[in-house]
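S.K.: Turn these sequences into a full structure, and let the hints steer you where they fit.
There are 2 protein chains.
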Amino acid sequence: MARWLKENSADSDVVVSTRARLARNRAATPFPHKIAGTPQAALVRQAAVDTFIGNGRDFQLMEMKNLSEVEKNRLVEQHVASKELCASEDGALVLSPDESISIMIMEEDHYRLQYLKGGFQPEEAYQVCKEMEHLLAKNVDYAFNNKLGYLTACPTNVGTGLRISVMLHLKGMALAGTVDQILNSLGQFGLTARGIYGEGSSPTADFYQISNQITLGIREEDVVKNIRQVVGRLIHQEREIRKLLYKNNQLEIEDRVLRAYGTLKHAKKLSSEEACQHLSTLALGISLGIINPCSQETIYNLIMDTMPAMLTAENQSVAQRDLARAELIRNTLN
Amino acid sequence: MARWLKENSADSDVVVSTRARLARNRAATPFPHKIAGTPQAALVRQAAVDTFIGNGRDFQLMEMKNLSEVEKNRLVEQHVASKELCASEDGALVLSPDESISIMIMEEDHYRLQYLKGGFQPEEAYQVCKEMEHLLAKNVDYAFNNKLGYLTACPTNVGTGLRISVMLHLKGMALAGTVDQILNSLGQFGLTARGIYGEGSSPTADFYQISNQITLGIREEDVVKNIRQVVGRLIHQEREIRKLLYKNNQLEIEDRVLRAYGTLKHAKKLSSEEACQHLSTLALGISLGIINPCSQETIYNLIMDTMPAMLTAENQSVAQRDLARAELIRNTLN
Chain A
98 MARWLKENSA DSDVVVSTRA RLARNRAATP FPHKIAGTPQ AALVRQAAVD TFIGNGRDFQ
158 LMEMKNLSEV EKNRLVEQHV ASKELCASED GALVLSPDES ISIMIMEEDH YRLQYLKGGF
218 QPEEAYQVCK EMEHLLAKNV DYAFNNKLGY LTACPTNVGT GLRISVMLHL KGMALAGTVD
278 QILNSLGQFG LTARGIYGEG SSPTADFYQI SNQITLGIRE EDVVKNIRQV VGRLIHQERE
338 IRKLLYKNNQ LEIEDRVLRA YGTLKHAKKL SSEEACQHLS TLALGISLGI INPCSQETIY
398 NLIMDTMPAM LTAENQSVAQ RDLARAELIR NTLN
Chain B
98 MARWLKENSA DSDVVVSTRA RLARNRAATP FPHKIAGTPQ AALVRQAAVD TFIGNGRDFQ
158 LMEMKNLSEV EKNRLVEQHV ASKELCASED GALVLSPDES ISIMIMEEDH YRLQYLKGGF
218 QPEEAYQVCK EMEHLLAKNV DYAFNNKLGY LTACPTNVGT GLRISVMLHL KGMALAGTVD
278 QILNSLGQFG LTARGIYGEG SSPTADFYQI SNQITLGIRE EDVVKNIRQV VGRLIHQERE
338 IRKLLYKNNQ LEIEDRVLRA YGTLKHAKKL SSEEACQHLS TLALGISLGI INPCSQETIY
398 NLIMDTMPAM LTAENQSVAQ RDLARAELIR NTLN
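Top line first, the protein sequences correspond to chains A and B.
Here the numbering used here runs 97 ahead of the position in the first sequence, where the first position is 1.
Here the numbering used here runs 97 ahead of the position in the second sequence, where the first position is 1.
There is no bait here: all hints are sound.
You can't tell identical chains apart in this list, so a pair holds if it fits in one copy or across any two.
Derived pair list, reagent style DSS-like, types lysine-lysine, alpha-carbon separation capped at 30 Å:
#1 Lys-344 x Lys-365
#2 Lys-340 x Lys-365
#3 Lys-162 x Lys-131
Hints are computed from structural coordinates only; laboratory data are not their basis.
This structure is a prediction, so every number in the text was calculated from the model and none was measured.
M.R.: Below you can see the structure in the form of structure tokens.
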């Protein structure tokens, strides 16, 4: 299980996780790409270390330059670090024991304060980020402009620096063929949809990340409220579509779910893509009560766990990974 | 289980069944198509009834005109009657309790004496037909020409009137892509290959019926001997190809077999074609020792049992049959 993912999350029939992050930068310090490898970068990191490491907390500091490719990929696939952070020469990560709290240091901004939790939890996710922001403020003067708000390296984050993302499994809408239309309509509510690995990534097995687009000229609390309302409606819609689909195509859906289960339980090797597709179908079946081999969270977790890097001992081949993936899934489902 | 198919048949890793039949006609009586619906047809039938019904035997007489379409289809799919017999207005069938002995009356010839047994048993199959021929000779003078031998409606059967057919599962050759080439070479040995429902039927999931082509100018015993030799070599070749394939593609084959098993064990609905394909793959897996959920005979039998007519209560739809087929297979494998 990804450490931050717990059983019995809120709305887990449709929602994998909620993530909040606040982008913050030190005042009077150039943005990360301008100070790579300089003493200023070291100062940026030191302020986070002084705040979060020790002081009665068992947070861990990881410096990217000390990690192997496999370790870095694992962090990306568990959604606790970005690819950009991994590529940053000064990049560092502060991580809580359950990996729900992560602070990316010297990524695009000096600090990215993040909280990740299973289920639909925008208020709590925001609240935890806010507490970290207050803590860090003891050691860092934030770059702030009275007119714009918090300053960030990329103008798309200026203002609140707040991004709340909800990862949704929109299998019903995908099967009904309405997912694109519905996701395109999110723009009018200030939200946007992306694949599960963020900007530019394509949707994997009907998992989508919905997040707020707007950070400027809006209060942080209103971002949270908007996510609660619009994503709440989306969750409701997805449930209705699933019920309708099942009512109108009961046999078809049951057959599809049970075949996916049969393949996952017996296949000797599984590619990441195929595993993801079948697990997605199985998650639908669990939510419809067709089958109950494990929790939704276990399925979501298997999807993350069976991504290439999670299975990679260094130099392991694609073929060996396909075997290890199938074995992990068989063992989990049996 | 088809009544004539028993567990632990000879060479059942490759061979489903052996069938022998002798075509015989009454002397001085026109062939069936010339006497349809006449008293002569009734005489033809009566001679067989007098010979085989009663007299301490519990053989059963079935008249085609009294059977429903579903009952007739079942006989065809269990290989105890032909479509031609079912369509004949005077058509009748004498059947032993285990359905291994069947005598088709007023099919293409007046009498077709047949014996059907699981595994590779050409000598025994021939012997049983020969005993029936002797019995029937008490009530019937056979149409016989000293130069040609036994006379039959179709010139391809003149001479011995003997056809021995062996149903083989040539999955290894099919996977290796050599099956066509090997089957085409059978002509030089006086043998021919067809699909599992005889002349003109196409191969189903790599099951083939191999039989002798020649009936004229040859001794019956030599037909049996030739089948033993050539088909015996074919069985050996098939085993070698399976072993080699498995050795060179172990993972691929195991994955394929286990996926077929997973689908058969879990699918909610299965078409006849898909079921047949997966059962064929599973049979290969059993012969290679990859998996052992049941005997080869059980698989062969499932293939016959899940043919459309075996599942048809009158007026049952295709969709209902697909459900019933999947259920039967799930229940058998569980």
